[in-house]
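Generate coordinates for the entire structure from the input sequences, incorporating the hints supplied.
Number of protein chains: 2
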Amino acid sequence: MTALPDKLTGFNRVEFEDTCRRRFFFGLAFDPYGGTAGLYDLGPPMCAMKANMLSFWRQHFVLEENMCEVDTTCLTPEEVFIASGHVTRFNDVMVRDTVSGECIRADKYIEEFCETKLKDPKITPEDIDTFKKLHNAAGSFNKDELAAVIAKYSLKSPKGNALSEPFPFNLMFSSKIGPEGHKTGYLRPELAQGIILNFKRLMDSGNAQRMPFAGACIGNAFRNEIAPRAALIRVREFTLAEIEHFVNPSQKAHAKFDRIKDVQFHAWTRALQSANKEPEVMTIGDAVANKLVDNETLGYFIARTQLFLAACGAKYVRFRQHHLNEMAHYAQDCWDAELLTSYGWVECVGIADRSAYDLTCHSKGSGKELSAREEFAEPVMVRTLQRTINKAAAGKAFGKNNAAVVAHINNLSEEECVALGEQLQSGEVEITLPTGTVKLSSAIVQFTFKDEKVSGRNYIPSVIEPSFGIGRVLYSILEQSYWIRRDDTGKNDKRAVYSLSPLMAPQKVAILPLMVKPELEPLMISLRDELVVLGISNRTDDSGAAIGKKYARVDELGVPFCITLDFAGDGCVTLRERDSAKQVRVPREAVCGVVQALCRTVNPRDWASVEAEFPAQGSSE
Amino acid sequence: MTALPDKLTGFNRVEFEDTCRRRFFFGLAFDPYGGTAGLYDLGPPMCAMKANMLSFWRQHFVLEENMCEVDTTCLTPEEVFIASGHVTRFNDVMVRDTVSGECIRADKYIEEFCETKLKDPKITPEDIDTFKKLHNAAGSFNKDELAAVIAKYSLKSPKGNALSEPFPFNLMFSSKIGPEGHKTGYLRPELAQGIILNFKRLMDSGNAQRMPFAGACIGNAFRNEIAPRAALIRVREFTLAEIEHFVNPSQKAHAKFDRIKDVQFHAWTRALQSANKEPEVMTIGDAVANKLVDNETLGYFIARTQLFLAACGAKYVRFRQHHLNEMAHYAQDCWDAELLTSYGWVECVGIADRSAYDLTCHSKGSGKELSAREEFAEPVMVRTLQRTINKAAAGKAFGKNNAAVVAHINNLSEEECVALGEQLQSGEVEITLPTGTVKLSSAIVQFTFKDEKVSGRNYIPSVIEPSFGIGRVLYSILEQSYWIRRDDTGKNDKRAVYSLSPLMAPQKVAILPLMVKPELEPLMISLRDELVVLGISNRTDDSGAAIGKKYARVDELGVPFCITLDFAGDGCVTLRERDSAKQVRVPREAVCGVVQALCRTVNPRDWASVEAEFPAQGSSE
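Protein sequence lines, in the order shown, are assigned to chains Y and D. By this note's numbering, the letter at position 255 of the first sequence is numbered 981, and the numbering carries on one by one without gaps. By this note's numbering, the letter at position 120 of the second sequence is numbered 846, and the numbering carries on one by one without gaps.
Among the clues, some could well be false.
You can't tell identical chains apart in this list, so a pair holds if it fits in one copy or across any two.
As the list claims (entries may be wrong) - Dumping the calculated DSBU-like pairs for lysine-lysine here, alpha-carbon to alpha-carbon at most 35 Å: (1) Lys1017 to Lys858; (2) Lys1094 to Lys902; (3) Lys834 to Lys776; (4) Lys902 to Lys834; (5) Lys1275 to Lys776; (6) Lys1017 to Lys982; (7) Lys885 to Lys1094; (8) Lys776 to Lys978.
The set of hints was computed from the structure by calculation and includes no laboratory data.
Structure, rendered in structure tokens:
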């Protein structure tokens, strides 16, 4: 594998953003009204890239893995996010400028404060150490720790005013569902709950009750970010593609692990991070064998994600393992696929083993048992506690308290039953209930153990979740594919090129008449019609611009191939490859087929074989 | 064209819904919590159908017409919907049960009241007429008309309580954007604004300023329906696919009209509706020539929509023209594509000429000129009004009122300027401004006309909008494709079949081993791997069920083809077609290619040619 650089070399963000704006890859939404922070529109090139990526995601994951894809709603009733814990815990901590009322995200504000300190040329070595540590730790601080830092350094607001005490701010957008206005709903901040709540229906309807299986979903999520920034990286509305793989917690081996065990990846384990070392290249097979990755299923999805990102054209990818104190309390193991951008390494895909947390929450929250059934290979003997209550005697003894007594006994743990049973051996036991005090006796209540042959068990599945931030992946690939073509003369040195893979390119091919002549129009139209029938996206440029200018225009849209039409009269057209600018002469009748092969999703033809088959035409540069 | 039936014959909604539930085509969202009215999840079969439809929509419209697709946000700041009129006008009228507080949509409640009356066997002929008319008119009543009906018939709530006065209820979901909580946003109830606000960027960036061109967008929209009902037909969150075609209002001919002029459609014109007549079959060429459809561009999109729906497998489609009093005040002409369902004819696609309304609203709302430029073939002489203000004299005469005077004069219409100019000929004119009263004289203000040669003009484009309700189209096609297969014995007569086109089918092919034998597994896996590489969605069923049962299982998922694996040892497999249940023997090496050809998006191979090429195997029934 190629080594990972520290940063994108030669990347000029001003020029990059200028190209993105000029060709409308993306831009602030509601532009005529001055835009809205954190809301972005994708223009035609990036919208097409997104459709290409999602289509490939469906092939790579849903089709290849036989997943059950669902389409779930953004609007979500409150009870779902109460059960999942989002209503109480999906917060960032913010502080308020006590004069202007402006709100600031506390951890990011402290990070910026550290960055400013670290830029001071007169900083002492001790302070470098202090502020680097503070910078790295701020994101995991709680409210009180943040308050302590603000007090210690007497931080003021950007306007120089006093700051409020830090307080939690819930990132979910809320609204009211229904005309009466008393039912609160939230816009989902992730897709997980929508898939997980369909667990039973998916298992029953499509899957003939077989475990393991995976649900998948593509859709939008919403977070009311306090400080949206960094172009498409931290926004308030974004597209996710998520998988929830349901698996027996005691059987996390993966049937297809052998197919991917030799896939290499840049692994940045906890240990390497703590030792301040760089990521190491290893195979996923070794990572699982050496217990660096918790289990085969998690490893399988790391490998499949690596393959997906590589096919999309991501060049610089590393997988960072979460620290133990960084993971949610229920998570078993978690790895982020990070892509290198000019903003640093950006978390684009999270791959987490969430254990049985979600299904347990929603079983409790909804009162429905969200479990799967495991049949044992051989029946096993199981000892179970029997709670026997003499109904007639109990009714007589407890009267109106009877129901409360029964509930109390059924709610006791196994240990508590054993203890109570022992007490009852020595006489009556008094217990206090909300409805009054009663006396239990062994004539009324007995606890016994029974041995039974059991053929299977119900269990709550673990969930392994790969979650793709589609906008982040797209943006990172766009940055990584960007470069400037310099010609021999040293002039025209601002010709931007996006070296997007044919899979991702917004259009696969441009049809470019060498000059504006009506005689060339039928050929252009017939080529276009043929490509449309083949489903190959394309664009034409029949303007009066010079051919070099036309190439430059499509290079900066990432179009990988051009077909140039001329008057040679040999029944051929010129086919040009974007990155090398090399050209070959191809018969008109063959050219659409060649382009189709070059742009196939799986096993595309490579350009070298095209150069080998057809005569060269000299570079277009 | 086939004639249109009055209703879907032989359709049994209970059985249909049972199949949809059992195979999880769709279901109420948040099922374990009892569901939320108006919010539905699509399960795997319908989710795949939706992806297929949207992918074909992109090919049929975006690619074939070279449209500029954008991806815009659901969250929208308030100012956008103030300018577009949605904040004041996007309402339904509702009434409240004065005791229980329940809210009821007034027009639908009156419709239901009429339906109940019309079911009364003792109803008089006069009342039949009265309640039929009231039923058809209720939807267009305003608040006061609805109040009058409620009073006239002393309508009570479903619980028998008094109803409140009717009042408007805005259907947009609102939320707060940003941490400060003082910026109101709405979830968009349609996609139009997001596309239209990108008009300038699209024209400048992708389109080299050429008109006409179209923007397109696929995404979710949200309406807080008072009374969600009828499965996927009236829901609170739904997917739209919209096109906004920007065109010079004086040039609505369409360059490709000739390609589609012979397309036939069921046209239900205003005149036919008013005369209580059925839709008539005509060609779109005739409809435009006879001025039944307002212009070629609108007609072009009607024809393209007809072709799209037919390719998706819609059997019963009619185009209903809006009445003049039914259209928005700014609309020039509007046609709805309606599909027949068990709920009656359902509006699935709206195709409207919205004139220059939207861009005009947003030019005013944002203060940005959202116009296009037209260069004339020949320069023309244009007489323009000049408003000359003597600045020095004005400053002296008006002092602090000066700015207000200048604004006043610039805001006068041409007619007002002419009139004022005439008055000024006869002496000073006193005008009253918010800032005070001033006297104008001809020494300070003059109006003159100037003749100028002009090479072009700026104009605000008209917008022609085809808007597809994706969930409604999907649901209608699902109903129209549903039937029950009856076998010779009269038993098993509840075998549901969805005759979905290969284009729409959730999976194209099922791979079915004839029996459970490990020897058949390698063949099954190799077929599956080959299909995955070709991007052909498929499913396998290696359960122990009988082959007839396996066919039934995939028939009720709409899978058009089955490959059955057996032990014949002739290197062949059996290929079965769903609707006819006919079977042929095809060599293993050829079968994936045959399936690929049968399922091509454009010009698919037909089954008859497969039957002609390969030996028959007898029907699977």
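Okay, the hints, checked on the actual structure:
1. Lys1017 to Lys858: within (31 Å within a copy, 74 Å between copies)
2. Lys1094 to Lys902: both (26 Å within a copy, 34 Å between copies)
3. Lys834 to Lys776: Within one copy, since 29 Å is at most 35 Å while 41 Å is not.
4. Lys902 to Lys834: So lysine 902 and lysine 834 pass the 35 Å test inside a copy (31 Å) and across (22 Å) alike.
5. Lys1275 to Lys776: Cα proximity of lysine 1275 and lysine 776: one copy only (27 Å, versus 40 Å across).
6. Lys1017 to Lys982: Classified as within; 19 Å inside a copy, 63 Å across copies.
7. Lys885 to Lys1094: Result: close only across copies, 31 Å inter versus 52 Å intra.
8. Lys776 to Lys978: Both ways: lysine 776 and lysine 978 sit 32 Å apart in one copy and 32 Å across, limit 35 Å.
In this structure, every one of the numbered hints holds.
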